[in-house]
Amino acid sequence: MMDIVLVVLVFVVASVAGYLLISRVPQQLHTPLMSMTNAISGVTIIGAVLLFSLDGDVFSLVLGGAAVVLAAFNLVGGFAITNRMLAMFRTKDRDAG
Amino acid sequence: MTNWGGLVAEFGIILILIFGISRFRTPREGRFGNLIAALALGLALALVVRRHHLTGLGVLVPVAVVGTVLGWLVAERVSMIRIPSLVAIQNGAGGLASFLVSFVELVRGAGQLSPAVQVFGFFGLAVGVATFSGSMVAAGKLDNRIRQTPVVLPRHGTILTALAVGIFLSAVMAGVSSGSAWLIFLLCLSAFSLAAGVVFSIRIGGADMPVLISFLNSGSGLAAALCGVVIGNRLLVACGATVAVSGFILTQVMCRAMNRNLLSVFTGIKLKHAPSVVPAESTLPPGATADLAAAADSGAASDSALSSDEVVDPLVCATEIIREAQSVIIIPGYGMALAHAAPDVVALGSRLEEMGKNVRYAVHPVAGRMPGHMHVLLAEAEVDYSKLHEMSVINPLFAETDVALVVGACDVVNPAAAETEDTPISGMPILLAGEARHVVVINLDDKPGYSGVPNTLYRNPNTVMLLGDAKERLKQLSASLE
Chain A
1 MMDIVLVVLV
11 FVVASVAGYL
21 LISRVPQQLH
31 TPLMSMTNAI
41 SGVTIIGAVL
51 LFSLDGDVFS
61 LVLGGAAVVL
71 AAFNLVGGFA
81 ITNRMLAMFR
91 TKDRDAG
Chain B
1 MTNWGGLVAE
11 FGIILILIFG
21 ISRFRTPREG
31 RFGNLIAALA
41 LGLALALVVR
51 RHHLTGLGVL
61 VPVAVVGTVL
71 GWLVAERVSM
81 IRIPSLVAIQ
91 NGAGGLASFL
101 VSFVELVRGA
111 GQLSPAVQVF
121 GFFGLAVGVA
131 TFSGSMVAAG
141 KLDNRIRQTP
151 VVLPRHGTIL
161 TALAVGIFLS
171 AVMAGVSSGS
181 AWLIFLLCLS
191 AFSLAAGVVF
201 SIRIGGADMP
211 VLISFLNSGS
221 GLAAALCGVV
231 IGNRLLVACG
241 ATVAVSGFIL
251 TQVMCRAMNR
261 NLLSVFTGIK
271 LKHAPSVVPA
281 ESTLPPGATA
291 DLAAAADSGA
301 ASDSALSSDE
311 VVDPLVCATE
321 IIREAQSVII
331 IPGYGMALAH
341 AAPDVVALGS
351 RLEEMGKNVR
361 YAVHPVAGRM
371 PGHMHVLLAE
381 AEVDYSKLHE
391 MSVINPLFAE
401 TDVALVVGAC
411 DVVNPAAAET
421 EDTPISGMPI
431 LLAGEARHVV
441 VINLDDKPGY
451 SGVPNTLYRN
461 PNTVMLLGDA
471 KERLKQLSAS
481 LE
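Residue numbers (our numbering), protein chains in the order written: chain A, 1 to 97; chain B, 1 to 482.
Hint data in this document are derived by calculation from the structure and do not stem from the laboratory. Treat the hints with care, as some may be off.
Said to hold, decoys possible - Here are some chain B residues the structure puts well away from chain A; computed CB gaps all over 10 Å:
{"no.": "1", "residue": "Gly95"}
{"no.": "2", "residue": "Gly166"}
{"no.": "3", "residue": "Ala191"}
{"no.": "4", "residue": "Ala223"}
{"no.": "5", "residue": "Val229"}
{"no.": "6", "residue": "Asn233"}
{"no.": "7", "residue": "Arg234"}
{"no.": "8", "residue": "Asn259"}
{"no.": "9", "residue": "Leu338"}
{"no.": "10", "residue": "Pro371"}
{"no.": "11", "residue": "Leu481"}
As the list claims (entries may be wrong) - Covered stretches of chain A (chain B as the covering partner; in silico rule of three or more C-beta atoms under 8 Å from a C-beta of chain B):
{"no.": "12", "stretch": "15-25"}
{"no.": "13", "stretch": "36-47"}
{"no.": "14", "stretch": "63-70"}
{"no.": "15", "stretch": "85-91"}
Said to hold, decoys possible - Residues from chain B that face chain A, not an exhaustive set, calculated with beta carbons under 10 Å:
{"no.": "16", "residue": "Leu60"}
{"no.": "17", "residue": "Ala64"}
{"no.": "18", "residue": "Arg108"}
{"no.": "19", "residue": "Ala110"}
{"no.": "20", "residue": "Gly111"}
Every value quoted in this text rests on a predicted model; they were computed, and no experiment measured them. All residues carry an ideal CB built from backbone N, CA and C; glycine is no exception.
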């Protein structure tokens, strides 16, 4: 099992990195940013897929399957909508795409 | 377990992810960053698949395809005004997925988990499922399926506290039990958390939705990170933690923009102030009442009943003001989005530019239903985004501007935020539209905005009110400018 110290360390590093990164994002990109970080939280698909690496009893397979559908929906949908949004931002001189 | 190669690969993936997020400086780079972040998660998934022998592929592959196709289809089709509710739904899906994974792991690991992992696991269950139910309520509100205004139950705070105690006690009981009692207490904990998510979210509404959405976003990241602790996957912990932290920072940014603290948004302290606002209207100084009447006259001049004097049609008046103006600042609000008038606003803006005027847009940080929502709506209407300005940049420029054109915004330009105390918007920084030489307001009505505070800007002698459907009014304005 994972070392708790490591977990705490990861949180601290993520907090510092997150603060440095997020506080510099301009306001006009807050919605795309949120939509992308939302997509990243679909990373839980890793956990869902891992449920399939164990001796597959029905209980794990059913809940694991549901988790995979949900996480994939979150992950793929999140990145897709972020991409769609950002593609719409244009200036007169040049297209953002 | 120490596998240096694996550790380096994981670290590399995190660096790629952070690089992706760091590209969010301009829209063009942001799009690149989004793809980079997607790549990082693809690599993370590939690493997991490569490391572990997966069974049950007959189930795994089809369900993964179903989720992918659904997610993609919905994302391609949804309209931009519904982005906040889609984000809430996706968020809920992520939270529920984390909950399910943690739940399976806790049930399977009964009796073999270290106390620390158990604590993280219980916490993960609660956060995951509460994020799910809270997000569903938020999505319902944003989609207008649930009443948008805050719903306060009798003894709301007490109910929430009782649920929190229930969650805590279930966790303690689960911690000291085994066998079927373990499962039962885990289910109790989940049920209490599910209810807590609903009770928590339902009290928040309207202008506070941006705060709720980013807070829930943070919750789904935290649920993923805790889930990572339970299944012992470092990548999951790191990615989840990054989302949790960034969501929380955005939540703080939103709160600061409204001059509120998180606690008052979530505990409804504001609601205690709300009733005091209503009598405030009737206790206006006499002068103000007269002004109000005057403003109402000019606003409702299309009513024939008021045609006694030489009351000018506000449309004619507004047209004249705008025609004379050298510089115009357009202030869009959520009312513009509701009236589907963004394309008309941008069309008018372009027309004014062709007439040789300096046109800029001022966007308040909490305009729309999630942070930055207004920018996306305007981008969809093909505005030149270099003309969009944030509050701190544009506010000093109002004093030297000829016309501030307010479209469907109310609270964010209400001088009462600075002038009065004890209202829901007191202390909220506003766009200083009133400092412009003239103000033209296009709004459905001259009633108070969401906050319930009457807008003193509407009574200014230099304000022209164009009431009615924003789309119609903008079309008329464009036509009469020709």
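Violations among the numbered hints, reported as their numbers in ascending order: Going through the list in order, the structure violates hints 1, 4, 5, 6, 7, 10, 19 and 20 and respects the others.
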